[in-house]
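Work out the full structure, taking the sequences as your base and the hints as a guide.
So the sequence lines, in the order shown, correspond to chains A and B.
Residues in the first sequence are numbered consecutively from 1, following this note's numbering.
Residues in the second sequence are numbered consecutively from 1001, following this note's numbering.
Hints listed in this document are in silico derivations from the structure and should not be mistaken for laboratory results.
Honestly, I wouldn't trust all of these hints.
[Claimed, not checked] Here are some chain B residues pointing at chain A (derived, C-beta under 7 angstroms): (1) 1109; (2) 1129; (3) 1211; (4) 1213; (5) 1229.
[Unchecked claim] Simulated restraints on C-beta separations: (6) B:1340 to A:152: 57 to 63 angstroms; (7) B:1159 to A:357: 41 to 47 angstroms; (8) A:152 to B:1234: 17 to 23 angstroms; (9) A:40 to B:1366: 25 to 31 angstroms; (10) A:132 to B:1078: 44 to 50 angstroms; (11) A:172 to B:1351: 45 to 51 angstroms; (12) A:29 to B:1229: 41 to 47 angstroms; (13) B:1078 to A:280: 58 to 64 angstroms; (14) B:1361 to A:237: 51 to 57 angstroms; (15) B:1365 to A:152: 41 to 47 angstroms; (16) A:218 to B:1229: 55 to 61 angstroms.
[To be verified] Far from chain B, some chain A residues (derived; all Cβ distances over 10 angstroms): (17) 128; (18) 175; (19) 179; (20) 196; (21) 204; (22) 302; (23) 334.
Cβ atoms here follow ideal geometry from the backbone N, Cα and C, with glycine treated the same way.
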Amino acid sequence: MSPQLSTPSKVPFFRDIRTLKWALQILALLAVFALFYWLYGNYQENVAKSSIQTDLRFLDNPANFTIPGNDLDQSQPVRDAFVEGFLNTLRVAFIGIALATILGTLIGIARLSKNFMVRTLGTVYVELVRNLPLLLLLTFMNLAVVLQAFPRIENAWLPLDLFVVSNRGIAIPWFIGSPAQLGIGILSAALLAFVVAKVRIRQADKSGKQDRAWLVGIVTFVVLVIVIWLLFGYGWELPYVDGRGTTGGLRLDPSFFALVASLVIYTSSHIAEIVRGSILAVSKGQGEAADAIALSGSQKMRLIILPQAFRIAMPALGNQYLNLIKNSSLGATISYFELTQIAQITVGNGSPAVPAFSLTLLVYLAISLVTSLVVNFFNRRLALVER
Amino acid sequence: MKRKSLSVLAVASAAGLFLAGCASTEAETTTPAATQTTTTTTTEAAGSLLDSVTAAGSVRCGTRDALPGFAVTNDAGEHVGFDSDFCRVIAAAVLGDANAVEMIDLETADRFTALQSGAIDVLVRNTTWTATRDGSEGANFLQPTFYDGQGMMVTSDSGYNAIAAMDGAIICVAKGTTTEGNAALESSRLGLDWEIRSFDETDLILEAFLAGQCDGWSSDVSQLTGLRSAYPNGSDALTILPEVFSKEPLAPAVLDGDTAWAQAVNWAILATIQAEEFGITSANVDSIRDTTEDVGILRFLGAEVPGSDGAAVLDPNLSLPTDFAYQVVKQVGNYGEIFARHLTPLGLDRGLNSLWNDGGILYAPPYR
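Here you go:
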């Protein structure tokens, strides 16, 4: 209660920690703005000096190049080429993310296996792959594996006579019909299969009997696809070697294969570690409880451990997905026609560099942010509701 | 909820920044004040590039590597080739020293950015002069050093003997070049349904070609000839098909809006052509200068020309030393010598690149 201590002398405003914090923030912001203003000013000056376009008009110019595996005409505008590049990036991203997740999860589980062989193989895979630079892996995959280890088209490998594998690409059997037909068929089958599975789950919940509802769903899906396909008379065609190329089926570009393979191998090694860590983070009691009610090993993993592990893994997995999407831009180094390659080609053919690459940056940013939104959505859905 | 709105905000603001940037550019270039600034900068720059090259004592020449005949780095680390020699021609003309040149290797797709950013003073990198590049890359193309055309190379055992026979073939080309567009155009013109793959570097195309991933390798015939001569399986393993399906004037380029520098580079190149027309070579340039009475040659070499009011040296005010042509020929050689040194060994004929009075289209304006 001594008055000397309870009335501190007033701190001058320039030594007030709150003022200082604000001032520092504002200074930092000003410095950043000044830097950008200076760069932008230089850009303006350089551009004015050499009469370079600065707007997006170049998108309407004819593209003047073609894209492998696509019927884009060289007289179509640059805009269309960018759209194709965007779609190709999405193709790699979707397939890459799906495969990397599956492979990564399997290897993550393998690293925790009680079997010495399986566990060691998992460790070797992870330690080998995640310590390599991705660009090197990609170059190796393209120059050493696809170009040299795959057969030439003259002596293409024809497994089961269903596929044609050569260093000009991998051709697989494919549906005849438009992508829209295919999409509608698969979507409606998936919807029906989902409903069937849901009904089975509800019945199982009521009766208390064990039921392989999701297996039933998958079987339903396959059966329905076949039924729809027979009903509407879609066919499928097998690829075959035709001169120096293949005809029929769906041909996967060799650089597409090299890119997806490298991205999957690389990203899965990181995902495996995330999955392993997340499984270990699930409380030990959960596993013991599963053992106590006599669940089998696979049931324990599938029903008890993995659902909880993925809840923990989700944010980290999201990062890996973002990395995979961004790393797909390395496809430009092996002639895969994704967004970056398109940007480079079109800039080489007379499109102005700054607007073209700014546009490309924004597209990548948009893809990544949308992916973040999706991951965050699932993360919230999966997160434990804590009260 | 908060995170979501933040990311949406980020996209929106990034897009806004970008659009605002575009919009303000247009606005600024239309206001009179901005136009004035632009003009001032241009005049400043016009003096400065020639001046800055002189001050630096070396020409930064944008070139390349790994193209036999045009530009390769030899074991001693020197650039050797037709394009490299034209870099030296420019250095000899501007600075009086053919070795005062810094060779800067560029990827095909980066070359115009390097020119625009001022990382190089001049681009001599077997670059085709086209309207779009002239107009929208800010490049100012000068006297072509080589008139080329695009052709097709195939393996000799492929059985292809004409371009029209290559239906459904895979054609490999260099990324970001006129080659891509020409090949696409030729494919649709002949209805051949080519798949055109573009690669960053010649080495990568070579790998793909060796592995049988490509049926045809399309590029300028001069390049193909050079690549064929260095093919690992021997040059006989490759055949260049007879058809040529494009015009490819390969020309050096400088940045737009710098007239003095453009003139200097242009006349350095024209000097090699004029020297050949005069019959002046690096071997005989000294004796010709000392003995000739031809006024045209004396003017050209920057020697004193006897006139009515005493002897005088012609100075056409090109901002070049008056003896630049002498230095070019003495230190590097005339056009024919440069061609014979680098391109004849590859098996290239002079063809279009002969002098105008010898059936070609090389023609230098009079030096007077």
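Hint check:
Against a cut-off of 7 angstroms between C-beta atoms, the interface hint on residue 1109 of chain B holds, since the closest Cβ of chain A lies about 4 angstroms away. With its C-beta approaching chain A no nearer than about 12 angstroms, residue 1129 of chain B sits outside the 7 angstroms limit, and its interface hint is violated. Nearest Cβ of chain A to the Cβ of residue 1211 of chain B: about 4 angstroms, under the 7 angstroms cut. The hint holds. Hint on residue 1213 of chain B holds. Least Cβ distance to chain A is approximately 5 angstroms, under the 7 angstroms limit.
A distance limit of 7 angstroms between C-beta atoms decides the matter here; for residue 1229 of chain B the minimum to chain A is near 23 angstroms, and the interface restraint is violated. At roughly 40 angstroms, the beta-carbon separation of residue 1340 of chain B and residue 152 of chain A lies outside the given 57 to 63 angstroms, and the hint is violated. A hinted range of 41 to 47 angstroms for the beta carbons of residue 1159 of chain B and residue 357 of chain A is consistent with their spacing of about 43 angstroms. Between residue 152 of chain A and residue 1234 of chain B the C-beta distance comes to about 19 angstroms, which sits within the given range of 17 to 23 angstroms.
Against the hinted window of 25 to 31 angstroms, the Cβ-Cβ separation of residue 40 of chain A and residue 1366 of chain B comes to about 47 angstroms, which falls outside the hint. The hinted window of 44 to 50 angstroms between residue 132 of chain A and residue 1078 of chain B is violated, with their beta carbons roughly 36 angstroms apart. For residue 172 of chain A paired with residue 1351 of chain B, a C-beta distance near 48 angstroms keeps the hint of 45 to 51 angstroms intact. Take residue 29 of chain A and residue 1229 of chain B: their Cβ atoms lie about 59 angstroms apart, and the range 41 to 47 angstroms is violated.
With their beta carbons about 60 angstroms apart, residue 1078 of chain B and residue 280 of chain A fall inside the hinted range of 58 to 64 angstroms. As the Cβ distance of residue 1361 of chain B to residue 237 of chain A is approximately 53 angstroms, the hint placing it in 51 to 57 angstroms holds. Taken as a hint, the range 41 to 47 angstroms is violated for the pair residue 1365 of chain B and residue 152 of chain A, whose Cβ atoms sit roughly 54 angstroms apart. Checked against the given bound of 55 to 61 angstroms, the beta carbons of residue 218 of chain A and residue 1229 of chain B, roughly 60 angstroms apart, stay inside it.
For residue 128 of chain A, the non-interface assignment is confirmed: its Cβ lies about 25 angstroms from the closest Cβ of chain B, beyond the 10 angstroms cut-off. Remark: the non-interface label on residue 175 of chain A is consistent with the geometry, its nearest Cβ contact in chain B lying 22 angstroms away (cut-off 10 angstroms). The beta carbon of residue 179 of chain A is kept farther than 10 angstroms from every beta carbon of chain B, the shortest such distance being approximately 20 angstroms. Chain B leaves residue 196 of chain A outside its interface by the beta-carbon criterion, the shortest separation being 34 angstroms against a cut-off of 10 angstroms.
Under the 10 angstroms C-beta cut-off, the non-interface status given to residue 204 of chain A relative to chain B holds; the minimum distance is some 36 angstroms. A cut-off of 10 angstroms between C-beta atoms confirms that residue 302 of chain A is not in contact with chain B; the least separation is 31 angstroms. A Cβ of chain B approaches the Cβ of residue 334 of chain A within 10 angstroms, the least distance being about 8 angstroms, so the stated non-interface status is violated.
In summary, the structure is inconsistent with hints 2, 5, 6, 9, 10, 12, 15, 23 from the numbered list given earlier, while agreeing with the others.
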